[in-house]
Every structure is written in C-alpha cells, then in structure tokens.
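Taken in order, these protein sequences are the chains called E and Y. Heads up, the first sequence is in the working numbering, so the first residue is 1 and it goes up one at a time. Heads up, the second sequence is in the working numbering, so the first residue is 1001 and it goes up one at a time.
Careful: at least some of the hints might be erroneous.
Heads up, simulated EDC-like pairs for lysine to aspartate or glutamate below, C-alpha to C-alpha not over 20 Å straight-line [stated by the list, open to error]: (1) Y:1264 / Y:1159; (2) E:164 / Y:1024; (3) E:164 / Y:1211; (4) E:62 / Y:1159; (5) E:70 / Y:1035; (6) E:70 / Y:1043; (7) E:164 / Y:1159; (8) Y:1186 / Y:1211; (9) E:43 / Y:1055; (10) E:70 / Y:1023.
Hints are computed from structural coordinates only; laboratory data are not their basis. Owing to the predicted nature of the structure, the values given are computational and were not obtained by experimental measurement.
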Amino acid sequence: MPEQDILTTQRVERLIAGDRSVMAELYDAYSAALFGVVMRIVKVQAVAEDILQETFMRVWTKRASYADAKGTLFTWMLNIARNMAIDHLRSAAVRTTEIQDEASTVGMEEVGSDGSLMMETVDLASFVERLPNEQQEIIDLVFFKGFTHQEIADERGIPLGTVKSRLRLAMNSLRTIYGVSL
Amino acid sequence: MTHDELRQSGLLELYVANACTAEERLMVERAAKSDPQIQRELDEIALSIEAYAQERAIAPPAALRTSFLEHFDNAVPVEKPKTAAPAVGRISTVTYLRAASIGIIIGLLPSLYLYYERADLVRERDAAQTQLAAAQERTSVIAQRASDLKTSFDKVVSENFKRITLPAVAKNDVASATVFWNASTKEVLIDARNLPHLPTANDYQLWAIVDGAPVDLGVIDISNSDAVLHAMKVIDSPAMFAITVEPKGGSVSPTLSAIKVAGKVG
C-alpha cells in the first residue's frame, strides 16, 4: 500500500477491520469528489446519485480486496465509481459515441469556443486557468472515464505517442499545481 | 523497459487509472517494488488525481447522505468489529473456493478444446478413409470393366469369331440379340442389350439348334447391365441360335411358344 496521511491510513485500517462507523467519514471525505467524476460520465443527476450510493456500498462489501489494490484509498474508490458509471453507459449502449460527445460536452460546458470560461463552480475557474484544456481533457479521459491510450488515439485520430506525451505533460502540470512532491 | 522509460511511457498513469493490461500491471508492480522512485511516482500521480478530483468536486444533495447511511444500515446488519474479521475470512474462503473452481474450469478449457478438436479430427479422418475406400472400390470396378470390355472387343474383332444376328420372331418386335461364335474354340458370347427387361420370375435362355435338336447354352445373366457380352456354354456346330423366355433358372427343354429371337448361323 502506498504512503497515505495518518488520517487516511487509520480509516483504511478501520474499514478493513469492519468498523461501520468509518463509512460516514468516508462519505463526507470523498462523496463530492466521486460525485463530480460520476456526474461528468453519466450526466444525469438521478443516475449519478444511484451510482454514488452503490459505490459506497461496494467500498464496504469489497473492502477485503483493497489490500491487493496497491493504490491509494481514493484511487481505489475512484476506480469503483468510474467503472460503475461506465458500466451504466455501456448498458445504455451510448459508450461508442462517448469520446465524440465528450469533445463537444467538455468544450461547451466548461470552455466556450472563444476560450471564455463557463464555470461550474467559482473554484474551478482558478484551476482551469492553470491547466491547458487539452491536458485537462486527457486527464478526464484516462482517470475519470477509463479510456486507454490506444482508445484515445484511435477515437481522436492522434498518434499514440502524442497521447502519452500529453498525458505526461498534464500529470506534471497537475503535480506542479498541487505542489504534490513526496 | 528501463525505469526511466517506464516513467515516460505513461504506463504509470494508466496503472493508477486501472486502465492497463494484467501484464503491464505486473510490470509496474515489479518496478515499484524494486525502485522506490517508481512507487513515489505512482503515489504522486494518485495524490494529484485526488487533489484534481477534489477541486472538481460536485456536492451531492444533502438528502443523499441520509439516504445512503439508512440504506447502508439496512443492507449491512450491525455486528461487532471483532466478529467482522472472521466474516471477512469466511467471505474470503468462499471467494477463494469460487476463484479456485473458476481457475480449474478455465484451466480445463484448453484440454476440453483439444479433446473436442481431436475428436473432430478423428471423425474427419474416419470419413476420409471411408471415402477413400469407396473410391478405390469404384476404381477397381471400373478397371475390371475396362479389362472385360477390352477382352470382349478383342474377341469380337478377331477373325475367328462369327457374328450371328438374332432378330425378333414376332412381327413388329424390335427386340434382338447378337451371338458371337468361335468356330475353332467353340466359345459362345452374346450381346443381349436389345432384349427387353423381364419380370423377376423369368429368365432369357439361349439355345443352339444342333442336328435339329435344341441344346441348352445357359441362362443369360442380364442383371449386370455393365456387361456387354456374356460368355455362354461352348457348342460344336450350331445351325441356329434361339432365345426363349423361361421360368427363373431356365428349363431343360425350351418352351417353343416362347421363342423371343432366333437366327441361323450363316
């Protein structure tokens, strides 16, 4: 398991030990971040709410498998939520046009064609200003929508190498922005 | 792939996103285990993503929190944390057993596949052998027939064979037969292809008239439609040949009223 802060480490221990009181804390700590991810995938609030609730149910029922997940608690939960959201899309048979939709949706919702910001939240504005749109998009596709490099390259018609270097650049930007350096 | 190349490949990001293959996953985990730098890189990616997601968070409706906790309480019966551990163990055991049985089934799949494939191949081989045997039999039949025809042809064209035509006795009957008689060897061959088919209760029988008396030359086997010429009994000095319709198996003396065709040796 990776290094995590003390509070997270304690929560993980309580979760694995079957301490049910940890669930309210996990919900308070992560529900908004996960809901943001799920909403961007399924785009329908009622569906996103169901998926969020089911995500936390699975966090509980699958807690024994976290030890093998080898990621942070959040990325483990993120993958659960994302996979459920993607499964929903697949079952709704709309997955095939997802990237194309994504191109227009992200562009229109968050950044206008003239580059002006159409902010979801006030906080987001400062963030978006710091991260180029194409880098933000590739992080969304990989981490929040579960696309592989190859899928992005195929759907977007850009070389695989460009996908990788763009993702790499985006990650470096993120780390600089958040000052994450262990 | 060196660890530096691994960092540049974007694979670490995919690993954190849980979007790489099992093989790539193993490679990354091996690298992370041997190189703390790789593990640190993975942690940094994960924490960046978490910070990014937190910044883009969308607060769910407040009622959803109450709804989830109620749902959780109903779905998960209250039990003491201490008893929760064995429960996990039980679940794990079942899970492992299930995984093991699935593993066994998956492990057997190639064998099953090979078994059925082999069974298919055996069936195909047997079918091919049957076809080959049938073809060989047809070939030998055809070779035998060609050999018979050549023998017949050789005899018919040799000067020693005399050709005697046997026209129908009845008026307007188109039936006929041709006898080939060898004056030196006394052999008798008959071409009976122009005789009409008989009821199964009857046979055609060939007679030679020698010194005014009929001599039996045998029943003509016309069941073998491939044969052109049939070898009959030898006869010394026939004056005439005649064919009668007789009961199955032939008669000792001809039924004169049933003479079908007849011809004098010229």
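Pair hint residue 164 of chain E and residue 1024 of chain Y, alpha-carbon separation not exceeding 20 Å: holds, 15 Å
Proposed proximity, residue 1159 of chain Y with residue 1264 of chain Y (alpha carbon, max 20 Å): Holds, at about 19 Å.
Need the status of pair residue 70 of chain E, residue 1043 of chain Y: alpha-carbon distance at most 20 Å? holds, 10 Å
Are the Cα atoms of residue 43 of chain E and residue 1055 of chain Y separated by 20 Å or less? Given pair residue 43 of chain E, residue 1055 of chain Y holds - Cα atoms ~18 Å apart, limit 20 Å.
Would the pair residue 164 of chain E and residue 1211 of chain Y pass a check requiring their Cα atoms to be no farther apart than 20 Å? violated, 114 Å
Holds or violated: residue 70 of chain E and residue 1023 of chain Y, Cα atoms, limit 20 Å. This hinted pair holds, its Cα atoms lying about 15 Å apart.
Next pair to validate is residue 70 of chain E with residue 1035 of chain Y; report whether the Cα-Cα distance is within 20 Å. holds, 15 Å
For the pair we were handed, residue 164 of chain E and residue 1159 of chain Y, check the Cα-Cα distance against 20 Å. Not satisfied, since the Cα-Cα distance of roughly 97 Å exceeds 20 Å.
Are the Cα positions of residue 62 of chain E and residue 1159 of chain Y separated by 20 Å at most? Answer violated: residue 62 of chain E to residue 1159 of chain Y is near 104 Å, above 20 Å.
20 Å limit on alpha-carbon distance, applied to hinted pair residue 1186 of chain Y and residue 1211 of chain Y: Since the Cα atoms of residue 1186 of chain Y and residue 1211 of chain Y sit roughly 16 Å apart, the hinted pair holds (cutoff 20 Å).
Figure legend: structure checked against the earlier numbered hints; hints not met, in rising order: 3, 4 and 7.
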